[in-house]
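Take the given structure of chain A and dock chains B and C to it, following the hints.
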Amino acid sequence: MTTLDPASTDQSPTTGRGAARRGTGTRATRLVGIGAIVSLAWLIAFGLGFSPADRDQKESVRILYVHVPTIWLAYLAFIVTAVSSAMYLFTKKKSLGWDRAAGASAEIGVTFVAVTLAVGAMWGRLTWGVFWQWDARLTTTALLFVTYVGYLAVRRLGGSHHQRAKRSAVLGMIAVVEIPLVHFSVRMWRSLHQEATVANLDGDTKMDGLMLFSLFVGVIAFTFLYVWLMLHRTRSMALEDLLEERGLDHALMERRAESAENPTTQYSTIQNSTIGRDA
Amino acid sequence: MDAPQPPSSMSLPQTSRVDDAASRADPRSNQVIVLDDVVAVLGQFPALAGVTLTVERGEIVLLKGPNGAGKTTLLRLCAGLLRVERGAATVLGFDLATQRHELRSHVGLLGHQNGLYLDMDVRENVQFWGRTVGASDTEIDQAMVRMGVAGRLADVPVRKLSAGQKRRTALACLVARRAQVWLLDEPHAGLDAIGRDELDATLVEASQAGATIIVASHELERAGNLATRIVEVIGGQVHDTRATTAKAPGPSS
Amino acid sequence: MSTWALARLIAAKDLRVERRSKIVTNQVLPFAGITMVSFAFVLDKQNVIDTVAPGLIWLATMFSLLILVQRSFGIETDDGALDAMRVAGVDAGAIFLGKALALAVQLLVLEVMLFVAAIIFYGESIQSGRAVLAFFNEPTDVNGVEVVLTGLTSPGQSPIFATVLLVTTMISATCGLAAVGTLYGGLAAGFKGSETLLPLLTIPAVAPVLIGATKAVESAVGTSGAAVSEGWQWVSLLAVFAVAAGVGGALAFGPLIDD
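Each protein sequence line maps, in turn, to chains A, B and C. Position one of the first sequence corresponds to residue 10 (my numbering), numbered consecutively onward. Position one of the second sequence corresponds to residue 720 (my numbering), numbered consecutively onward. Position one of the third sequence corresponds to residue 225 (my numbering), numbered consecutively onward.
Some hints could be false.
Listed next, with one range per pair, are the computed distances between beta-carbon atoms [said to hold, decoys possible]:
| id | chain 1 | residue 1 | chain 2 | residue 2 | range |
| --- | --- | --- | --- | --- | --- |
| 1 | C | E419 | B | P876 | 19 to 29 Å |
| 2 | B | A962 | A | K102 | 37 to 47 Å |
| 3 | A | A62 | C | V391 | 23 to 33 Å |
| 4 | A | K103 | C | T275 | 48 to 58 Å |
| 5 | B | E821 | A | L251 | 29 to 39 Å |
| 6 | A | R255 | C | I258 | 53 to 63 Å |
| 7 | C | M225 | B | P876 | 24 to 34 Å |
No wet-lab data here; the hints were simulated from the structure. This structure is a prediction, so every number in the text was calculated from the model and none was measured. Even glycine gets a Cβ: it sits at the ideal position worked out from N, Cα and C.
Next up, chain A with everything else stripped away, as it sits in the complex (with noise of 0.2 Å):
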């Protein structure tokens, strides 16, 4: 399941085992933690910094390099889900840690769709002058936000752990086959009759090598948040699920109680069923 140990609690932080101490803050997360600030630093610096600006789009061409690596980070963290969705379906075991990295991988994805979408309005502003297209990329892209955003919807609405999972994992499969079928059809949408859009979004591809550099450094930022956001929120799901079932425990502990304090006498006074008696 994942690295935790409960009954670890009270070993001293040392331990590199991965003992939860009052999070869910462990060596691993500290490593991929500095990862991402140093290389987040690194794209501070080489993005604002060493970088040119652009010929054509001049200082906003900067705003690339966020926006394109949080995008791809979604796709990457919604292939997670699915890919997750299908190792719960699939397995015997159906181990809720599949279930708990495809929920904590589509928040992820989400909110990187959203920044996605954020920041390019920004640079849309900046350098097409509108803050929206309905191009084939960006409609593809609302549809897909939304689409997740619903997933998200479905995980809450309760139930015990595995039908939450279930439920989820189908929903996480359809999905898969969803947002290709979404994508062709705005592609065919968009291609077939040529709409006049303001820039070309493909002149990109002529990046000077220090921008792709940049943009490369992007990429491996973003990588190491998205990875110190998974460790850190599975762990916390874990962590709620396991108060749960040590609830539990606790909870027949009480239940069994209640028999054993309530015997007979307890119905005596029970009135007739209150279910609704129509004549």
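Just chains B and C, lined up with the frame of chain A:
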């Protein structure tokens, strides 16, 4: 309200299902339900906290206990609707840990809702349920007559029926579906005195025709006429079980 | 009982319930109609309406789909019938196919009505209106049929091909819509907030149908100079979608409604 019709003396439609299930079970095949320290949860709440219970074919078991004791959960578990969290459970030879989906078509659960389509009439509802298992029109008619909803009531939309009539319609659907185990959750609710007598008589006949019946009910004073055994459920566990002097269990046909 | 026979049984049951309750005919069809009228209020200009009329039909269809699905599963949750089917171990794939089939039939009726409403309310030109009136004045006149068909297409296009395109579009779009609606309707049924969860899940999922069906109808009717031949690639999209949704739905429905 329509006067209830006297129970028919025709027996339940016999199928080969009972034998199939019996051959699958262990040698003590007269035991239709075997629960051993079963724990079941609703959300995070342990509704059943370790239930041990054995029910034999043809018995009518009355479950009694305070509200919230777990009677409904116990019925739903035996219907194959809930996961067995801990413990072992077998119904009609099906292991609830692995086969609870296959079990479902052999078992009939009547909860607080009747499972009817309010806009169709009685006959159409019973026909629908009967046809899902391929029952013939004769069987369907028999089921309706048996539960006293043939005749004038047959063409009345369910929406217009009284609670008791809806109950009987739901039971007719159960019969039409050839359920071998009947799990009834407070079936007397909403019935008047005559309706309750009616229901009890019908249940007794059904058990004599081979069905095993578990009834969760607060109608304790009826226990003697109806049940062969009374089981008390408190706090998610079986607290007490005693046989009544009413009838000996087992099919008489 | 075979899955297909069971599905037919369930579809017949759904349609019988509708025949008795008449909710679709008395409430949903008028709703669709009034939606079309509302579009006219906000889109005031005739040339705007002319251009977007095919899309408006499918928009109204999509909104009506949500209501139809709510109704389809409403009858199941009213008295716990879907639960009872689950409890009885009725094959989930059959439930899906049966309910989707009944939903598709109701949708088709609705779409035909919407098309007629579009001809009447949004007629390309007065000519179409006259064309329809002419048809009804001369019921046995073969020419009358021709007149209606040309009223639906722009001059110079073969009415037969356009009609075939139109009908194929409607059928494949309807199948896709019914499949997605039934799948998510089953998922959301009975839960708190299902009325809002259903649109949230369904609308992004049927975006391909909205796009493809609108474009295909535009080709059939000749809006913006689209040729009939262009419509067929959109129909292919609709067909692929319908098959994917049907198969995927049948497979996913069981796990989704189960415990």
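We went through each hint and held it up to the structure:
At about 26 Å, the beta-carbon gap between C:E419 and B:P876 stays in the expected band of 19 to 29 Å. Distance hint check for B:A962 and A:K102: the Cβ-Cβ separation is about 43 Å, which falls inside the suggested range of 37 to 47 Å. Distance hint for A:A62 and C:V391: a CB-CB separation of about 57 Å, inconsistent with the stated range 23 to 33 Å. Between A:K103 and C:T275, the C-beta spacing of about 52 Å keeps the proposed range 48 to 58 Å intact.
The beta-carbon spacing between B:E821 and A:L251, approximately 33 Å, falls within the hinted interval of 29 to 39 Å. The given range of 53 to 63 Å is respected by A:R255 and C:I258, whose C-beta atoms sit roughly 55 Å from each other. Separated by about 26 Å at the C-beta atoms, C:M225 and B:P876 satisfy the suggested range of 24 to 34 Å.
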